[in-house]
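Q: Residues per chain, in single letters:
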Amino acid sequence: MRSGDDGPAIRVQGAVKQYGSLQALAGVDLEIAQGEFFGLLGPNGAGKTTLISALAGLTRLSAGRIAVMGQDVVDDYREARRMLGVVPQELVFDPFFTVREVLRIQSGYFGVKNNEPWISELLENLDLTSKADANMRTLSGGMKRRVLVAQALVHKPPVIVLDEPTAGVDVELRQTLWKFIQKLNAAGHTIVLTTHYLEEAEALCTRIAMLKAGRVIALDTTANILRHVSSHALKVRIAESITLPDALREKLVRDEAGELSFSFERYDDVETLLATLRAAGAILQDVEITKPDLEQAFIGMMSKA
Amino acid sequence: MIAFRTLLYKEALRFWKVAFQTVGAPVLTSVMYLMIFSQVLADRVKVYDTVRYTDFLIPGLVMMSVLQNAFSNSSSSLIQSKITGNIVFVLLPPISYREFYGAYVIASIMRGIVVGLGVWIASLPFAQVGVTHPLWALAFALLGGAMLGTLGIIAGIWADKFDQLAAFQNFMIMPLTMLSGVFYSIHSLPPFWQGVSHLNPFFFMIDGFRYGFFGVSDVSPWLSLGVVAVALVVFAIVCLEMLRRGYKLRH
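Residue numbers (numbering that gives the first Met the number 0), protein chains in the order written: chain A, 0 to 304; chain B, 0 to 250.
To be clear, the hints were calculated from the coordinates, so they are not data collected in a lab.
Do not rely on the hints blindly, as some may be mistaken.
In silico negatives: residues of chain A with every beta carbon more than 12 Å from chain B [what the hints assert, rightly or not]: (1) D5; (2) L147; (3) E264.
Chain B is faced by these chain A residues, among others (derived, beta-carbon under 10 Å) [claimed, not checked]: (4) Y18; (5) L57; (6) R59; (7) A79; (8) E100; (9) Q150; (10) H154; (11) Y196.
Subject to a maximum C-alpha distance of 25 Å in a straight line, what follows is the list of computed DSS-like cross-link-like pairs (lysine-lysine) [what the hints assert, rightly or not]: (12) B:K16 / A:K112; (13) A:K143 / B:K81; (14) A:K143 / B:K16.
Note that the Cβ used here is the ideal one computed from N, Cα and C, for glycine as well.
My request is simple: use the sequences and hints to build the entire structure.
A: Take a look at the structure:
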């Protein structure tokens, strides 16, 4: 976003965070390039929110450094925070003010004066215009979530972090939100997303880091992660259970109440699989081929790491 | 500067939006004190030779309102923001800890002064004496408001729950205010308790403020000014250090 600055949007070096005996971050190194749509995935307690808190200056690292657009989040916190917009995970709001007041106040906190045109644009893009003068208390959860997104964007930050922005949010808002975020990404904003909805990460993120127990256990493009960790699967439903020959047993990934899933690499293998099944006496009722998905990759990674 | 001004504006707007509760209620409480105590005690309590008890009571009540409301403003704003989680809205932006301190303290002074003025105006029908040294009165109101606003920030940051804040208020602020000579002159106390009163910075705030009204006080207004200023500086240093370190705000 800033001309003449092509360093990473976010650089995390040796980030360690210790809470008493609990190590929330155990040495994280990560670089996110400008303009990326980046996914930060991991089970609860993996350290995602701690990493984001440290990035946003809400938590101080026990060791290591983080810079946003080249600005250290501790030493140059003013510059770093101007570069960053964070949508927090919790649905928080100030019950004293209306939506428009909240956005004006938040603009002022970032030193932005006369922000009305951008505030109106934000309200429109997030379908909030009709609620602009409503008190925050009166809004539904989904509406409050939209205001949180607008609050994070009042100062047009080059780097936008969304911490579980669609948790407990209806389909309509998810679509509105993603359309808008993709528009911002296309305009050059770097987006960092944590989510529990893996299909969202798969659809949106160009690169993904997976965290477990405070460490990055995988960091690659979404396509590569899918290619390396997960494979196609052949799902069949058979009438009666049979004894699987060893050749099939090796490829079995799931066996649930008559539904068997086998992994395969190439489509040529499908015919062989089916022939072997028939030869073993299986009567096929249903056959389905599933593509690799992030959930499968995720489960694979987490169990291996 | 814009960030500081905005935070100050937001803090002032916050109490002004609920002025019925934050300004109206304490004014009513103080007027009740005034009506009841002045009625009951007017002929029984003798303070200074030249000052009626009702007139003596008014500046004490005004200053007590300034102090209690300045404390309430910063402490309740912070504890509410912490408990509801919306404190992140002021932690995420590039607001320095000095701006943060300044905005919360000035908003606290504003609420203290607004409530104090309300109490004073409501007490005018009962008063026979005007304000002799308004600048002295104003100086103590500002310094006292700043000190209690600062204590409010400290308490608001320290407390994790509403009852901890209530304990701070009920077991520290209230006794110190009540034992500061709002309702009596410390000269009416036995020597031991007079000595104890001199350890209470609240006594100097009330006594100095009262000097602004009558030109008469228990101790020299310069001494009071010095004590209050030193106490303010000490609390401000503690508070600023807490904010700089992010104590309980930035883990």
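Q: Each hint should be assessed against the structure and marked as holding or not.
A: Against the structure, the hints:
1. D5: holds (24 Å)
2. L147: violated (9 Å)
3. E264: holds (47 Å)
4. Y18: holds (8 Å)
5. L57: holds (6 Å)
6. R59: Holds. Min distance 6 Å.
7. A79: Since chain B brings a Cβ to about 8 Å from A79 (chain A), closer than 10 Å, the hint holds.
8. E100: Holds - the Cβ of E100 (chain A) comes within 10 Å of chain B, reaching about 8 Å at its closest.
9. Q150: holds (7 Å)
10. H154: Hint holds; H154 (chain A) Cβ to chain B Cβ min 8 Å, cut 10 Å.
11. Y196: violated (23 Å)
12. B:K16 / A:K112: holds (23 Å)
13. A:K143 / B:K81: Answer holds: K143 (chain A) to K81 (chain B) is near 18 Å, not above 25 Å.
14. A:K143 / B:K16: holds (21 Å)
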